[in-house]
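Peer 1: Work out the full structure, taking the sequences as your base and the hints as a guide.
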Amino acid sequence: MSQQKILVIALLQRGVVSPAVYELLTAGRSLANVLKQPLAAYLPGGTAEQAKELVERGADRVLWSGHAALKDFNDELHAQAVLAAAAQEQPSWVLIPGSVAGRSLACRVAVKLGAGLATDINEIDPASGAVKRSHYSGNLQATMEFKSPVRVVTVQAMVFPQAPAQAGRAGEVTELAYAPAAAGTEFISFQAEEAGEIDLGGAERIVSGGRGVGGADGFKAIRDLAHALGAAVAASRAAVDSGWIPYRHQVGLTGRTVRPKLYVACGISGQVQHLAGMSSAANIVAINTDPECPMMQQATYLVVGDMFELLPLIVAEIKKRRGQPVAA
Amino acid sequence: MPLNIVVCVKNVPSTLAVPVDPATGLPKTAGLVFAMNPFDEYAVEEAVRIKEKTPGTTITAVALGPESDGAVLREAISRGCDAGVLLSGAELQGGDNFSVSRALAAAIQKLSAEKPVHLALFGKSTNDDNSGVVGGQVAAWLGWPGVLFVKKIESIDENSAVLCRMMEDGVDKLKVKLPAAVGTVKEINEPRVPSLKGKMAAKKAAIPTWTAADLGLKPEEAGAAGARVKVARSSAPPPRPAGTRIAGATPAQTAEKLVAALIERKLI
Ligand SMILES: Cc1cc2nc3c(=O)[nH]c(=O)nc-3n(C[C@@H](O)[C@H](O)[C@H](O)COP(=O)(O)OP(=O)(O)OC[C@H]3O[C@@H](n4cnc5c(N)ncnc54)[C@H](O)[C@@H]3O)c2cc1C
Ligand SMILES: Cc1cc2nc3c(=O)[nH]c(=O)nc-3n(C[C@H](O)[C@H](O)[C@H](O)COP(=O)(O)OP(=O)(O)OC[C@H]3O[C@@H](n4cnc5c(N)ncnc54)[C@H](O)[C@@H]3O)c2cc1C
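In order, the protein sequences belong to chains A and B. The first sequence runs contiguously to residue 328 in the working numbering. The second sequence runs contiguously to residue 1268 in the working numbering.
Don't read these hints as lab results, they were simulated from the structure. Treat the hints with caution; some may be incorrect.
Unchecked claim - Okay, derived cross-link-like pairs now, PhoX-like style, lysine-lysine, Cα gap no bigger than 20 Å in a straight line:
(1) B/K1218 - A/K112
(2) A/K319 - B/K1257
(3) A/K319 - B/K1266
(4) B/K1218 - A/K147
(5) A/K320 - B/K1266
(6) A/K71 - B/K1175
(7) A/K71 - B/K1173
(8) A/K320 - B/K1175
(9) B/K1051 - B/K1151
(10) A/K261 - B/K1257
(11) B/K1177 - A/K147
Claimed, not checked - Not close to chain B: a few residues of chain A, all C-beta gaps over 12 Å, as computed:
(12) N33
(13) L35
(14) P161
(15) A165
(16) A167
(17) R321
Owing to the predicted nature of the structure, the values given are computational and were not obtained by experimental measurement. For glycine and all other residues, C-beta sits at the position ideal for the given N, C-alpha and C.
Peer 2: See the structure below:
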């Protein structure tokens, strides 16, 4: 049990450190404290500046490789870089963001390290080394124990709070030389989605619409509320399959899994496949004409009524409140 | 040139409401109805679409599971796959994503020895264990390129493929050398239902079973013995606390009460 080193993989998204990395630094810090180990991070494709920020946010040691080949996520090249960092650090824990890139990376790294891999974990017990993750679509929570000396985990977004920056915090920053080997994967291009859209995965607030929205036009009411709340827009499969909104907004078993502080479900009945993607939201508001619908059983706040009547009133009320000083 | 494709399909419980066995503390799936993992239907359909565009292409479905999982391979054949191989036997059971992917990789290698495999297709993740990694791990075992979350195969020939990968903030376009492993997402296509002809073929198909020894795996490399993680126990998450009904005399009052409650909880 001695010398269980911890390595956080600080992935970039379009050149920016992904906020999920700050969550990993929180998870890593609590492991480091219990295991009495320094917290190390590896930053593939980043800069010395970004490495210093990771120190301010709790890493004791940061290795970084600034090679241009690591600018965009390439499964093979990133895995190669992370394996080189792991060879130097010899970690017992490798913490990776639960993103598309993170999960893709974790597959290769785990196999090459002969390590157990648990994805989308939502709890770590530093003392026993066990982790928890949901399976059977969120209906059950599994406790996983590792049999391998190295544990690779991807961490579900929004579970751990982001580690705050502490200006002037001291730590070691070292550049790790990286030379890309031949790879069978070539990055060609990236096409961004609509600008200004808040990504569901990291959203603190989400407003979601279902079949009750009635059509593509109906999503205007959803977007207006989302705008007023600074929230991301989501949808049920019924709305996506009807062609009212693109698939990337779908939440549920065959869509995204989200964990916001606030999930406002409008005209969504709450079928188990939808709940699979959002039932761990901290607070749920159900707005539905049907008081008996399953979403009401999940809800923190139950609002029975017509969403087309209520949503504009809620938006107006938020605007009104914003205009006046908030009473204590 | 025709391609040789492998599709990995898993037999999973059709229901999400899986009870925990009080004796073991683990999910109890005995007696439940099983079917093809819904995400794997997209992988099968994508293989069939490639075959339709490239005549002479062959598709082999591979499943690892108990003897009864032959059914999922027949389902794959009814949806247009040409053949199925079941990886089974006591030594292969009870594995984790590490040992399961190792066995699937060994099966792909064995099929490649007969006739080189160009492409191995996977679903996004499974309905039961939902790791979403087995396709990427198979690529790692084989030393192949592997790309997960693929929403479109833009072009493919026997040497390479151009893939569109769904990222959180947009779409990556990547070119991979074949052979490669590709994990698909739902957006890639709209699966068709099994055809009558397919159902007939499925009924007649002879499905071989390969054991750990057939795959060249030592007992300690397969199944539970070869696993790196163990599900120690499983339980239902705590139920959500009962909610509060928000209702005013008029819809405007309801809206007012809701916003007040959200502000009080510091949610907005
Ligand atoms: C009796 C029993 C005991 C188990 N014990 C453990 C345990 O101790 N620890 C543990 O971690 N897990 C255990 N599991 C679950 C484990 O075997 C998972 O099925 C395995 O880890 C695969 O991961 P996944 O289902 O999450 O696949 P994912 O990574 O979600 O699957 C992605 C894709 O890979 C392919 N694929 C996945 N599995 C198969 C398969 N079996 N055959 C063909 N294609 C497949 C499919 O295309 C699928 O869409 C146990 C399962 C059983 C039945
Ligand atoms: C394998 C599989 C995977 C699936 N994956 C997903 C998934 O990822 N995500 C997902 O969402 N679903 C998924 N589904 C589908 C799921 O089973 C449901 O069909 C779907 O979630 C229903 O969407 P809904 O709640 O919007 O529609 P409905 O169930 O039709 O509910 C519409 C609701 O709107 C209410 N309503 C109507 N008018 C109004 C109004 N004016 N104001 C307020 N309320 C109103 C109604 O009372 C009703 O409760 C999956 C299904 C399967 C079989």
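Peer 1: State for each hint whether it applies.
Peer 2: For each hint, the structure was consulted:
1. Note on B/K1218 and A/K112: the hinted pairing holds, with a Cα-Cα distance of about 18 Å set against a maximum of 20 Å.
2. A C-alpha spacing of about 14 Å is found between A/K319 and B/K1257, which places the hinted pair at or below 20 Å, so the restraint holds.
3. As the CA atoms of A/K319 and B/K1266 are separated by approximately 16 Å, the hinted pair is consistent with the 20 Å bound.
4. Between B/K1218 and A/K147 the alpha-carbon distance is near 18 Å, which keeps this suggested pair within the 20 Å criterion.
5. For a cut-off of 20 Å, the pair hint linking A/K320 to B/K1266 stands: about 17 Å separates their Cα positions.
6. A threshold of 20 Å between alpha carbons decides the hint, and for A/K71 with B/K1175 the separation of about 16 Å falls inside it, so the pair holds.
7. For the suggested pair A/K71 and B/K1173, the alpha carbons sit about 14 Å apart, so the restraint of at most 20 Å is met.
8. Pair hint A/K320 plus B/K1175 does not hold up; C-alpha atoms about 52 Å apart against a cutoff of 20 Å.
9. Restraint check for B/K1051 and B/K1151: the C-alpha separation of about 18 Å stays at or below 20 Å, so the hint holds.
10. Restraint check for A/K261 and B/K1257: satisfied, since their Cα atoms lie roughly 19 Å apart, inside the 20 Å limit.
11. Restraint check for B/K1177 and A/K147: not satisfied, since their Cα atoms lie roughly 34 Å apart, outside the 20 Å limit.
12. A/N33, annotated as away from the interface, keeps every beta carbon of chain B farther than 12 Å; the closest lies near 24 Å.
13. Listed as a non-interface residue, A/L35 keeps its Cβ farther than 12 Å from every Cβ of chain B; the least gap is roughly 19 Å.
14. A cut-off of 12 Å between C-beta atoms confirms that A/P161 is not in contact with chain B; the least separation is 14 Å.
15. No beta-carbon of chain B is positioned within 12 Å of the beta-carbon of A/A165; the least distance is around 22 Å.
16. Distance to chain B confirms A/A167 as a non-interface residue, since its nearest Cβ pair spans about 26 Å, more than 12 Å.
17. Here A/R321 does not stay apart from chain B, with its beta-carbon only about 6 Å from theirs, under the 12 Å limit.
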